[in-house]
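Peer 1: With the hints as your guide, set chain B onto chain A.
Number of protein chains: 2
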Amino acid sequence: MPFSFELTDRDPSGARRGRIVTDHGVVETPAFMPVGTQATVKSLSPTDLKEAGASIILSNTYHLHLRPGEKLIAAAGGLHRFMSWDGAVLTDSGGYQVFSLSDLRKIADAGVEFKSHIDGSARFLSPESVVDVQLDLGSDIMMVLDHCVGFPCTFEEALLGVDRTTLWAKRSLEAGGARISRDGYERVLFAIVQGSVFPELREKSALELIDLDYPGYAIGGLSVGEPKEDLYSMAGMVAGILPENKPRYLMGVGFPEDLVEAVARGIDIFDCVLPTRNARNGTVFTSRGKIILRNAAFTADFGPIDPECGCYVCRNYSRAYLRHLFMAGEMLGPRLASFHSLYFYLHLLDRMRQVIREGDFSRWRREFHERYGTDLQGNI
Amino acid sequence: MPFSFELTDRDPSGARRGRIVTDHGVVETPAFMPVGTQATVKSLSPTDLKEAGASIILSNTYHLHLRPGEKLIAAAGGLHRFMSWDGAVLTDSGGYQVFSLSDLRKIADAGVEFKSHIDGSARFLSPESVVDVQLDLGSDIMMVLDHCVGFPCTFEEALLGVDRTTLWAKRSLEAGGARISRDGYERVLFAIVQGSVFPELREKSALELIDLDYPGYAIGGLSVGEPKEDLYSMAGMVAGILPENKPRYLMGVGFPEDLVEAVARGIDIFDCVLPTRNARNGTVFTSRGKIILRNAAFTADFGPIDPECGCYVCRNYSRAYLRHLFMAGEMLGPRLASFHSLYFYLHLLDRMRQVIREGDFSRWRREFHERYGTDLQGNI
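Residue numbers (our numbering), protein chains in the order written: chain A, 1 to 380; chain B, 1 to 380.
Hints are not guaranteed to be accurate.
Copies of the same chain look alike in the list, so a pair counts if it fits in one copy or across any two.
In silico DSBU-like cross-links for lysine-lysine, where the CA-CA straight-line distance does not exceed 35 Å [stated by the list, open to error]:
1. Lys290 x Lys170
2. Lys170 x Lys228
3. Lys290 x Lys71
4. Lys246 x Lys50
5. Lys246 x Lys228
6. Lys170 x Lys115
7. Lys71 x Lys50
8. Lys290 x Lys50
9. Lys204 x Lys170
10. Lys290 x Lys106
Quick caveat, the hints were computed from the structure, so don't treat them as lab data.
Note that this is a predicted model, so its numbers are computed, not measured.
For reference, chain A alone in the conformation it holds in the complex (with noise of 0.2 Å):
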């Protein structure tokens, strides 16, 4: 079945609803991506996964690159296999990583020269060579490669990073396309606009992708230090440039107030390590907020993480018992933990959809903010 993307609701705020169809399964919009870094998220199982809600993951193509290989993975017979996940995946192209984790000796228009972190091996990416890579990987969903930048970066930087990004978008093109048939099912290539704080450059950068037709976009290069204003209006006025009828994914966002903000602002599709990364040093999300649970307030109180929470975990563990478990090192912990946080992200993207079906998204979103203790721009 070829890749498509629907668009079924469309609430009055600009928030909407929609579904991918993949070969592995059909994703409903707006949606959250687990990460599984390394084919795996974090001290969860597949089963555990589908459980919580997850219909699609995200998985660390730079990390998989580097251990244990994408011929590896290919010879296991893929991602979904190797991992034993039956849901779609979607890779990056590992440009962030390359940028943020390792050793960059050299960034040139025929691609990025770098050290791996975790054996200085030289390698070399092209917009080409990622492409294979995720090939090999197998994953449903694959990137571009891109040229990232930080924050703060000057004008000339961001705009270097939004031309090689347009050029990489283009030869990713010509050389294979963004549908591409193998092993039985469909695998597409998205696009991603850069252009950091600067509206002038995420125009022009989205502009230009949306020339070359791709079957998704992302907006890369937030969540990166800018300010939270930055963040929802970059990514408000991406969105409202990105055709309609294509997927529209916010890359590495964010906290659960960001993605109601997001989702406002006409975002699809989330991923995030917050969830779990924080669930591993014992902070978690509820509907009232985030709460540590190593405090000592904690000690006995027999009630679940969030009252409101129909989680595996709420239904059968204490704040109390999570305590102990975190006070005494034990991996039940950060287990419990991610557990729950996903099922919270997961249920509270469910939510999303289900408001925005029946049009109420805009009274939904301040009862939100109300109840987690944030506002409508998402400030804490």
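Peer 2: Structure of chain B alone, referenced to chain A:
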């Protein structure tokens, strides 16, 4: 329903099958108890334990007394509710850990003075107080405080341990009896036979404790460094003295071949950290012996851990994937390996119960060793 033990099958070899009934379910024997030291079997949920085939788990009084404390667990409604486990629970007395983990200050007939290995605080446990602690924990089967001696030890040291263990077993009985009903279910107390590797002391210890008519008997002070021959001969000798109609628990044993050999000698219950501790380090048990998952030979081995195993892990994951998880330091590795190895242990016991019922234990025992790579005496 009061605690009961019924012997249902006797194999010509001496192996026996039975059922323990507790207010938290039936435990078919021979049985293996996964160890949940700190009110959690490391990395696994109670749902996993049930799926792996566990009906009873062990938890450690020493650890729980120090953290989070038995009063907190009592306030939570007992261990079953605290950790969300509705099967049976056995708690040890803490004696073994006081002797092996703590900074032991003084041991006398009154009890043991020690310093916590967590915060250095001064503590005192007596035969009476360890029962009180276990009543707060809410276990179905409690253990008396015993005086453990290390290996090797002199005859005199072992004799002192036996005499004090008998004295404490008497005092435990005088304090509250061996069957105590509280919170709507019955808790029973087992005595522990000591005597190191001295047959005459083992006999003396067993006979003195049999006189006290406890509902069950454990064999302690083994698996502490003595040769395998001593382990097997002491276990067999003591089992031969203990009453037919009471369950026999061999504490802290052992490797799969040890379980087979001990069942052949009439043992009913086991506990051991080996399957889970080894799994966390990447060593798992299979029907053909142990394998080390980090081994480079498994890099591209897309078969299951054990082709003869039907567990969730063997049905869904390859050795190559598990190796990747361990090489990448991913928490899912220890979790999946622990699940597999516990399943292997619990199904080994299940198989033994089957062949005992069929009166075919001796033939099966030979075949087990042949397949597993050990010999009848259990030497590797």
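Peer 1: Now look at each hint and say whether the structure bears it out.
Peer 2: Here's how the hints hold up against the structure:
For the identical chains of this complex, Lys290 and Lys170 are neighbours neither inside a copy (43 Å) nor across copies (53 Å), given an alpha-carbon limit of 35 Å. In the homo-oligomer, the alpha carbons of Lys170 and Lys228 lie at most 35 Å apart inside one protomer (31 Å), although the nearest pairing across protomers, at 70 Å, exceeds that limit. In this assembly of identical chains, the alpha carbons of Lys290 and Lys71 lie at most 35 Å apart only when taken from different copies (28 Å versus 41 Å within one copy). In this assembly of identical chains, Lys246 and Lys50 lie within 35 Å of each other by CA distance solely inside one copy; the values are 26 Å within and 45 Å between copies.
Within a single copy, Lys246 and Lys228 get their C-alpha atoms as close as 25 Å, which meets the 35 Å cut-off; across copies the closest is 68 Å, which misses it. In this assembly of identical chains, the alpha carbons of Lys170 and Lys115 lie at most 35 Å apart only when taken from the same copy (26 Å versus 69 Å across copies). Taking the shortest alpha-carbon separations for Lys71 and Lys50, only the intra-copy value of 27 Å comes in at or below 35 Å, while the best inter-copy value is 37 Å. Taking the shortest alpha-carbon separations for Lys290 and Lys50, both the intra-copy value of 24 Å and the inter-copy value of 32 Å come in at or below 35 Å.
In the homo-oligomer, the alpha carbons of Lys204 and Lys170 lie at most 35 Å apart inside one protomer (15 Å), although the nearest pairing across protomers, at 87 Å, exceeds that limit. Taking the shortest alpha-carbon separations for Lys290 and Lys106, neither the intra-copy value of 41 Å nor the inter-copy value of 47 Å comes in at or below 35 Å.
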